[in-house]
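S.K.: For the sequence shown, full-length UniProt numbering begins at 1 and goes up steadily by one.
Derived from the structure by calculation, the hints contain no laboratory data.
Be aware that a few hints might be false.
[Claimed, not checked] Calculated lysine to any residue pairs in the SDA-like style (CA-CA distance at most 20 Å, straight line):
1. Lys205 to Thr270
2. Lys159 to Pro213
3. Lys178 to Gly206
4. Lys205 to Leu173
5. Lys531 to Gly391
6. Lys531 to Glu492
7. Lys129 to Arg101
8. Lys387 to Arg373
9. Lys497 to Val581
10. Lys469 to Lys582
11. Lys31 to Thr662
12. Lys356 to Gln263
13. Lys54 to Glu403
14. Lys216 to Ser122
[To be verified] Pair by pair, the computed Cβ-Cβ distance ranges are:
15. Ala53 to Ser490: 19 to 29 Å
16. Ser490 to Gly584: 35 to 45 Å
17. Thr118 to Ser434: 52 to 62 Å
18. Ser434 to Val591: 13 to 23 Å
19. Ser490 to Gly189: 49 to 59 Å
From a predicted model like this one, the values you see are computed outputs, not experimental measurements.
The beta-carbon is built from N, C-alpha and C at its ideal position, and this holds for glycine as well.
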Amino acid sequence: MGKTRVLVLGGGLGGVSAALTLTATEALREKFDVTLVSHGWRLGGKGASGRNAKQGQRIEEHGLHIFLGFYDNAFRMVRGAYAEWDEPADYAFQTWQDAFRPLYQVTLMQDIPRFGKTRWHSWNLDFPKRSGTPGDPRSLGPNGFEAFLIGALQNLVAKHDHLPGHLTAKLGLDALEKARAHIEEAGDGALDHGLIVDLLKLVQKGFQAVLEPLLKLSDEGWEFACFADFGLAFAIGCFADVLPYGKDGFDRINGEDFREWLQKNGISDTFAWSAPVRLLYDMCFSYKNGEATDGPENARFAAGAAAEILLLMGFAYKGAPLWKMNAGMGDTVFTPAWFVLKQRGVDIKLFHRLTKLETSENGAWVERVRLNRQVDLVNGAYDPFVKVGYGDDGKWLYCWPSEPDWSQIVDGDKIRDAGINLESVFCHCTAGESVLEVGKDFDLVVLAMPPAALAEPAAELMDANLRFKQMVEVTPAVPTQAVQLWMTPSIEEMGWKAGPTAMTSYVEELDSWGEMSHLIPAESWPPGTVKAVEYFCGTARWPAGAPPYACGLPQRMAADVRRDATEWLNANIGVLWPNTVKDGLFDQSQVYSSYYRYNLDPSELYVQCFPATVETRLKPGDSGFVNAFLAGDWTRTWFSAGSAEIAVLSGKQAAEAIARQTIDLTPSD
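Please construct the entire structure, taking both the sequences and the accompanying hints into account.
M.R.: In structure tokens form, the structure reads like this:
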């Protein structure tokens, strides 16, 4: 009996994870023959990055990519790839530790009204180093989140013991100690969650009774009040609505918006749209139609997913809460994945775009896959990499260029000069059609493309299956924008004194910032020219006018990003980098190079997690078609929100559904 032929459509994290999982062992490779198909010249989807050879081999990203310390599935994939790949001896990243670095600081921005004025403050939160390595099995244990929540509230109070005694005496803090004692006495046994809710409400009542004098006390009093008010409402909601019900507890509240859920659990109006609340909305681009400038009016986030993410971010990370990549995401994540897949015999077909999925007559399975072969290759094969030096000791990296190597493509110069973007569905370029038949060319197919990208080619599937149709139509997605600046002064010279950080909850629409100066050794700038690298990102509004969009529109919209970013920097950058402001405006002479991006293509949109949409997502093994499986952060897996972790987990679950077995990917590094 021959191998089962699996066709993976999509070269992002979901598709790559599915291919890696399905070929993880020799036994699996003897059973499955895997082909991975992706349009354009590189892997990565919206996680792809490219090197611009004309601009110092600078890294050009879709946005700001940082792994979180609880991304166990994503780290298992990356760690496993580096452990298996036999890199050249002078390769810069020999292990995953070479490719990633820990980040312990997170910055939240908060506007504080005092003395008739509103001023922005940076709250720099330093997280402790925790035991364990990302990717190792999680071991919170029973009642783990409960204990962490109460402990965090107690630590918060302890750090503000300088507050006046006549205020703290009214907080009823002994109730926190009673809650902690109850959890300790219970051990791994059942908790009386109702008792803890009652105790927390006593503290909340006492706290809010002294809220007004706390706000008048100082900026530090304002910060303490904000985190205490948020923390109490969040903890009350978790103990009342989520934790008594186990893992299913989070799903119970996914029909509610996170902010509204906090209000239901007692957060004050003063802090109902404060930095801790905004954190996930900004980080996950969670604004309807990309309209973020109206405050909470268009903010949407499923409460259960939000609560689970915050608990994991705060209490389940290993090592550091954040992990930054030491090169582009393509160089760091997708390069080792490419080489491991090739070593395992996976056929990777670049420059192939899905145009149509056709169902069987009874609508039960995928009968036919139609692909547009975008280009012909000069030698019949394509080498996707360029070598870029890393540091000053002769080491280097395999990197993906920011545009194809046109010399390897038949009529490449003509395609380039016509302005064709081979990664954009709005640009049409064809060298012919490939029609793949079930039973002849493939047996099973993994749809590793988001709903927006499937909507047109999967029209027959939508007509054949109502659940599939609802998933495609209901799952929301939004354009995003990104700005990268290479600066001539260092970050300290620009006036930021708090050190490396990742920031969010600042002025829309570029509400999030990553200090990325550690990437300078990964690029090739003339010595002494670039001293800082800074990334900004945020949601973006849909372009005016209705689809279909024309070829080149994302590139033209990038000009609007540049214009709007200039206005944003003029108005807002002085709070972060005071020494970059000259005559009241951002000093553009300090910018050595810049990159602006507008992500509009269906495969580049950010999939959002709005209330009452999670239930319409389908599980990776439950597409509704007997030979089709799903992979991507838009599927129903864990907390079902857009992230590298969920994309990788979804691909793994798709592969496990195909193999009909659990596949252990514990790294051997």
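S.K.: The structure should be examined with respect to each hint, and the outcome stated for every one.
M.R.: Going down the list of hints, with the structure as the test:
no., hint, in the structure
1, Lys205 to Thr270, "15 Å, holds"
2, Lys159 to Pro213, "18 Å, holds"
3, Lys178 to Gly206, "16 Å, holds"
4, Lys205 to Leu173, "11 Å, holds"
5, Lys531 to Gly391, "14 Å, holds"
6, Lys531 to Glu492, "10 Å, holds"
7, Lys129 to Arg101, "13 Å, holds"
8, Lys387 to Arg373, "27 Å, violated"
9, Lys497 to Val581, "16 Å, holds"
10, Lys469 to Lys582, "54 Å, violated"
11, Lys31 to Thr662, "15 Å, holds"
12, Lys356 to Gln263, "46 Å, violated"
13, Lys54 to Glu403, "11 Å, holds"
14, Lys216 to Ser122, "19 Å, holds"
15, Ala53 to Ser490: 19 to 29 Å, "25 Å, holds"
16, Ser490 to Gly584: 35 to 45 Å, "23 Å, violated"
17, Thr118 to Ser434: 52 to 62 Å, "59 Å, holds"
18, Ser434 to Val591: 13 to 23 Å, "45 Å, violated"
19, Ser490 to Gly189: 49 to 59 Å, "54 Å, holds"
When the structure is compared with the earlier hints, violations turn up for hints 8, 10, 12, 16, 18 and for no others.
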